[in-house]
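**Q** If you want the building blocks of each chain, they are given just below.
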Amino acid sequence: MNPIGNLNKIFESRIRLGVMSVLMVNVNEEVSFNDLKEVLEVTDGNLASHLSTLEENAYIKVHKGFIGRKTNTTYSITKAGEKAFKGHLAALEAMIKFNQ
Amino acid sequence: MNEQQHLDSLHDIKRIMERSTRFMSLSGLGGVGAGISALIGAFFAWKLLEGETRSSRAEGLGSYGAPADNLLVLQLLLIAGAVLVAALGTGFFFTWRKAQAQGLPVWDASARKVTYNLAIPLFAGGLFIAGLLYNGYAGLAAPACLVFYGLALVNASKYTVTDIRYLGYAEILIGILALFNLYNGLFFWALGFGVMHIFYGALMWWKYERNPAA
Chain S
1 MNPIGNLNKI FESRIRLGVM SVLMVNVNEE VSFNDLKEVL EVTDGNLASH
51 LSTLEENAYI KVHKGFIGRK TNTTYSITKA GEKAFKGHLA ALEAMIKFNQ
Chain V
101 MNEQQHLDSL HDIKRIMERS TRFMSLSGLG GVGAGISALI GAFFAWKLLE
151 GETRSSRAEG LGSYGAPADN LLVLQLLLIA GAVLVAALGT GFFFTWRKAQ
201 AQGLPVWDAS ARKVTYNLAI PLFAGGLFIA GLLYNGYAGL AAPACLVFYG
251 LALVNASKYT VTDIRYLGYA EILIGILALF NLYNGLFFWA LGFGVMHIFY
301 GALMWWKYER NPAA
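Each protein sequence line maps, in turn, to chains S and V.
Here the first sequence is numbered in the numbering used here, starting from 1 and rising by one per residue.
Here the second sequence is numbered in the numbering used here, starting from 101 and rising by one per residue.
Don't read these hints as lab results, they were simulated from the structure.
Don't be surprised by glycine CBs; every beta carbon is placed ideally from N, CA and C.
Now the stretches of chain S that chain V is said to cover, found in silico as 3 or more residues with beta-carbon under 8 Å:
hint, stretch
1, 12–22
2, 35–49
The list that follows gives simulated cross-link-like pairs (lysine-lysine, DSBU-like), each with its CA atoms no further than 30 Å apart:
hint, chain 1, residue 1, chain 2, residue 2
3, S, K9, S, K37
4, V, K258, S, K86
5, S, K37, V, K258
6, V, K114, S, K61
7, S, K86, V, K213
From just these sequences and the hints, can you work out the full model?
**A** Structure (structure tokens):
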């Protein structure tokens, strides 16, 4: 078996991997755009484009809300996203064991 | 992607997961500062109670550790308030300094979680103690402080350095012991808030801050 085949191409980006990591430990909670930006130390535009890739793949859900008049966009992980992320971790583990 | 890159991504995942759930900038030196403030406060309270006992003995009434009159309770509350301000002040200062050194924001989502989870038991405890004082049970204030503070630490430990949980257990235990030794309330209060903070603060500093590169 070739373990490389199980690695998820979408998670090759460090930022997308980071977003998934944050959402994974905050399951059942919504994380705001600003919190993600703070933890991952990235710019607005950069983060937004990676978030839309994850959304297109149905790994994350977007919730648009308001705090007063300001928009407050939050994100949470989907079941499919959890599965994909766990699969990716398992593949990384297998990969490292395979190489040893 | 080679093996090193895979290890790097695993390392990234671990770091980010930790950072987004746990507030890691809590400073051990802040704990030591808080402990010293508490001991100074306890010393003044002890002086005050000592003087009080002597004067009431001279009049042939009252017993040690059971302050009855409102002036004394008020003075003790002022000391407690000063200790709280000094302890929070040094705690915040050293934590802020550590966060600066780590290049991390002090007030991020994880800091909010720690604060929120500390605040619930502390707020309940504060009102509970206010109720005790209101009903004239001032002697129960010290054990109640310790128990509620311990519960607050255990509750918040999920979102910060895990060692805080053991400090929480210690505070609860000391609080319960104090409850069965009401006449030594001040001694247990000084042990819980003074000695334990200094001990744990020093331990955390030794473990995490002594060598910042590690």
